[in-house]
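Visitor: The primary structure of each chain is shown beneath.
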Amino acid sequence: MENKIAQLFKGHSTPNLNVYFTAGFPELGSTTTILKTLQDAGADLVEIGMPYSDPLADGPTIQQSNTVALRNGMSIKKLFEQLNDVRDTVTLPIILMGYLNPVLQYGFENFCREAARVGVDGLIIPDMPLVEYEEEYQAIFGKYNLSAIFLITPQTSEARIRKIDELTNSFIYMVSTASTTGNTVAGTQNQLAYFERIKQMNLKNPKLIGFGISDKKSFDLACRYAEGAIIGSAFIKVIQQPTGLQENIRDFIHLIKSGEEIFS
Amino acid sequence: MNYSVDERGYYGKFGGAYIPEMLYPNVEELRQKYLDIIYEPSFQEELDELLRDYVGRPTPLYFAKRLSEKFNTKIYLKREDLAHTGAHKINNTVGQILLAKRLGKKRIIAETGAGQHGVATATVCALAGLECIVYMGQIDTERQKPNVARMKLLGAKVVPVTSGSQTLKDATNEAIRDWISNPEDTHYIIGSVVGPHPYPDMVARFQAVISAEVRQQLLFKEGTEFPTYVVACVGGGSNAAGAFYHYLNEPAVNLVAVEAAGHGVNSGLSAATSVLGSLGIIHGSKTLLMQTEDGQIVEPHSISAGLDYPGIGPMHAHLYDSGRAKFYAITDEEAMQGVVLCSRLEGIIPAIESAHAIAALHYMQPKPDDIVVLNLSGRGDKDLQTIINYLDEQDGK
Numbered sequence: 001m002e003n004k005i006a007q008l009f010k011g012h013s014t015p016n017l018n019v020y021f022t023a024g025f026p027e028l029g030s031t032t033t034i035l036k037t038l039q040d041a042g043a044d045l046v047e048i049g050m051p052y053s054d055p056l057a058d059g060p061t062i063q064q065s066n067t068v069a070l071r072n073g074m075s076i077k078k079l080f081e082q083l084n085d086v087r088d089t090v091t092l093p094i095i096l097m098g099y100l101n102p103v104l105q106y107g108f109e110n111f112c113r114e115a116a117r118v119g120v121d122g123l124i125i126p127d128m129p130l131v132e133y134e135e136e137y138q139a140i141f142g143k144y145n146l147s148a149i150f151l152i153t154p155q156t157s158e159a160r161i162r163k164i165d166e167l168t169n170s171f172i173y174m175v176s177t178a179s180t181t182g183n184t185v186a187g188t189q190n191q192l193a194y195f196e197r198i199k200q201m202n203l204k205n206p207k208l209i210g211f212g213i214s215d216k217k218s219f220d221l222a223c224r225y226a227e228g229a230i231i232g233s234a235f236i237k238v239i240q241q242p243t244g245l246q247e248n249i250r251d252f253i254h255l256i257k258s259g260e261e262i263f264s
Numbered sequence: 001m002n003y004s005v006d007e008r009g010y011y012g013k014f015g016g017a018y019i020p021e022m023l024y025p026n027v028e029e030l031r032q033k034y035l036d037i038i039y040e041p042s043f044q045e046e047l048d049e050l051l052r053d054y055v056g057r058p059t060p061l062y063f064a065k066r067l068s069e070k071f072n073t074k075i076y077l078k079r080e081d082l083a084h085t086g087a088h089k090i091n092n093t094v095g096q097i098l099l100a101k102r103l104g105k106k107r108i109i110a111e112t113g114a115g116q117h118g119v120a121t122a123t124v125c126a127l128a129g130l131e132c133i134v135y136m137g138q139i140d141t142e143r144q145k146p147n148v149a150r151m152k153l154l155g156a157k158v159v160p161v162t163s164g165s166q167t168l169k170d171a172t173n174e175a176i177r178d179w180i181s182n183p184e185d186t187h188y189i190i191g192s193v194v195g196p197h198p199y200p201d202m203v204a205r206f207q208a209v210i211s212a213e214v215r216q217q218l219l220f221k222e223g224t225e226f227p228t229y230v231v232a233c234v235g236g237g238s239n240a241a242g243a244f245y246h247y248l249n250e251p252a253v254n255l256v257a258v259e260a261a262g263h264g265v266n267s268g269l270s271a272a273t274s275v276l277g278s279l280g281i282i283h284g285s286k287t288l289l290m291q292t293e294d295g296q297i298v299e300p301h302s303i304s305a306g307l308d309y310p311g312i313g314p315m316h317a318h319l320y321d322s323g324r325a326k327f328y329a330i331t332d333e334e335a336m337q338g339v340v341l342c343s344r345l346e347g348i349i350p351a352i353e354s355a356h357a358i359a360a361l362h363y364m365q366p367k368p369d370d371i372v373v374l375n376l377s378g379r380g381d382k383d384l385q386t387i388i389n390y391l392d393e394q395d396g397k
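Residue numbers (UniProt numbering), protein chains in the order written: chain A, 1 to 264; chain B, 1 to 397.
Please keep in mind that the hints were generated in silico from the structure rather than gathered at the bench.
Be aware that a few hints might be false.
[As the list claims (entries may be wrong)] 35 Å max Cα-Cα, derived DSBU-like pairs, lysine-lysine: (1) B:Lys33 / A:Lys199; (2) A:Lys237 / B:Lys157; (3) A:Lys78 / A:Lys10; (4) B:Lys101 / A:Lys163.
Taking the hints into account, I'd like the entire structure generated from these sequences.
Guide: See below:
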């Protein structure tokens, strides 16, 4: 069966909105509520962060959500339990994002087996070395029909981008600028030149731009150069509001996709 | 068995480079260039001159007569506390600043626990005229005030880190995040034999000057280059790496690594990574680290800010795993007694880190004819307030 992420990009030409949230945040039991609300509100794919004590590439907002989620008792084991029946109601492609150490402690193949069993479609493990992926993990990803999603940055060499394009079968995660998560896409000349350069490379995989996408304006800018964009920290700020979780999510997604405010 | 790094950056099963893509170009640039640069004759010449005239090398190998009498053996102290800025850390920062200049970097970042590495980095940045930003856990800025003042005086910006345990681990995370955000003009001077390849190997090579000198000095004093024991404390492990380096493949020399047990190995407040740790990834390398069964990093504890780290360098993990080095874990209490012992018997106030190594002598039971070389990695001035508090408590004040 074709991977859901690949299917999405084949049959869906409009800009794709990928939303990141941290599992177990703001409450331990929020995960499935957020997933369903995102689907109903019109998100195109979701990225569930597996909280980690030391998230190196993340800015303060996501770091804080990781800390809270861990304090709430979230773990990979718990997340798989929560996702057990998720495919009964959620059809969106689901990606898990997390650092390699907790995955290794779970057991790499066990992790992939469980991920596939609950219906996960892809994994982002930002500190997994490309060479180890090729030598050890690619076969396991393949066995469980999971897509490996790799990041590229403005500093990634052309040769390496081509290599990543060759190894990928879903999309390329294009980090918008040299920063941790949670900054804002400024649309500087350098940044636009980078977006244009990657666009001109005619890669076989679609690209989603992430890091610094926080509102309608930055989402639209990213979508001029890529097949969609990923929103993380800005969404974490939405769900950390003390009340109205589902309404807040709906309002935010609607605002990003249509540009219209809803006053619910 | 080989104890040096292999071509892919591994020591046995430990090492490698587990980094987000944002750091890949920086780390790759270093990996490709570091050996060529540091073995260029002009680099070596400049480094040797600085180590001699600026750092004050060679540091003495001092026969500690009264400590020797106390333990009924022959104890030599390698006096890294007499190096400029008061610790071995300067050996590495002098090397890395020359490297950073050759790489064309304009901005230097560093992490620090006890502050010795921060001071050493601020010092070489002043020397080289480069901007310097030092990340330090908020708790460490409070317990190491004199070093914070020194760094500022030297022109560095000290950034207190309030995330996580607010100690060395979190300072390292923040330094890495800075590097992610400034990939082109910035060099990250890591202060220990930790981090992604090539850092552990590069830092070990810069610290190897310690064992190179010990071999020469011991030959002159004892007629042999080979002591029975080389003893050093291990947080990340840079002074131990330097003291062990030229003895790694000399099996007759016993390598002794001393970790911080904190309140006791099984107290829940410890930094004894070799005992409490398991295989995992921290700060870009696969090594032994203290973690939960879910792979979350556990907060360490040591009275010494310099040893308050939940991992050890991959070289040391391999030395432990292969049995090449023997590891001891020394409590806060034993280390403080070590501070007092060294101060009163030898007139040398050691850093609390080094005092862990001194305290291990009680367990090692060397024979009268054995030669023990103990790497006195730093001086205790920076720890004076902690030491005074301890002595006051002892006196019941």
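Visitor: So, for every hint listed, does it hold in this structure?
Guide: Cross-check of the supplied hints:
Note on B:Lys33 and A:Lys199: the hinted pairing holds, with a Cα-Cα distance of about 31 Å set against a maximum of 35 Å. Taken as a hint, the A:Lys237 and B:Lys157 pair is honoured in the structure, with Cα atoms around 30 Å apart against an allowance of 35 Å. Of the supplied pair hints, the one linking A:Lys78 and A:Lys10 holds, its CA atoms being roughly 33 Å apart against a limit of 35 Å. Distance check on the hinted pair: B:Lys101 and A:Lys163 sit about 31 Å apart at the alpha-carbon level, within 35 Å; holds.
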